[in-house]
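Protein sequence lines correspond, in order, to chains P and V. Be aware that the first sequence starts at 1, since it is given in this note's numbering, and climbs by one per residue. Be aware that the second sequence starts at 1001, since it is given in this note's numbering, and climbs by one per residue.
Do not rely on the hints blindly, as some may be mistaken.
Think about it this way: if two alpha-carbon atoms lie no more than 20 Å apart in a straight line, the pair counts; the simulated EDC-like pairs of lysine to aspartate or glutamate are [as the list claims (entries may be wrong)]:
(1) V/K1107 / P/D59
(2) P/K83 / P/D38
(3) V/K1107 / P/D38
(4) V/K1077 / V/E1064
(5) V/K1107 / V/E1015
(6) V/K1107 / V/D1054
Hints listed in this document are in silico derivations from the structure and should not be mistaken for laboratory results. Keep in mind the model is a prediction, meaning the values are calculated, not measured.
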Amino acid sequence: DGGITQSPKYLFRKEGQNVTLSCEQNLNHDAMYWYRQDPGQGLRLIYYSQIVNDFQKGDIAEGYSVSREKKESFPLTVTSAQKNPTAFYLCASTPHTRPGDYGYTFGSGTRLTVV
Amino acid sequence: AQSVAQPEDQVNVAEGNPLTVKCTYSVSGNPYLFWYVQYPNRGLQFLLKYITGDNLVKGSYGFEAEFNKSQTSFHLKKPSALVSDSALYFCAVRALNSGNTPLVFGKGTRLSVIA
């Protein structure tokens, strides 16, 4: 079955440590997105990519980095510069061929906790 | 700029009663509108969308939403609530002619259906 796989489901980060969240899709979707979810704040856009080797900052990109070397993969690195990284992280994708007609397909999320 | 407002953080309804979850939006031009549902520690699942056409949109699990252009609203409704409908609901918007720019999400409304 086609879908988006996020791993790991739970992740613990020590102070000053970089961690990478994985997002893989087999839907042949062009565009991929990373959102951060905090209680009462909804979903906030971190980064998005509409094509391989290209990505754009979202509303809260500081302290995060991404890469898009393959169409199927869009990993998110939470760097030590992100001072409050504890949150639920969601990856999503959408076809690019008919812009706007489609909503997103979401992964199941990664819960990151600073210890 | 695009924005979405979900004015209620929490909606409580008795099982079997009709439910409404409110959403208002702001975009330049015509909107694409979406509703998603999220169960605990999971990604968002697509419920329904409005692009053009009939103002009453029917979606998954018996939900429907009514597009009202004059009131810039897209309220989610269901005639008879089930306990299993208890979840977090998100409204999202994107302008019709904005290419593949990201969806903007509301902060979410938690629906609690009481038996």
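- prompt: So which of those numbered hints doesn't the model satisfy?
  reply: Of the numbered hints given earlier, those the structure breaks are 5 and 6, listed in rising order.
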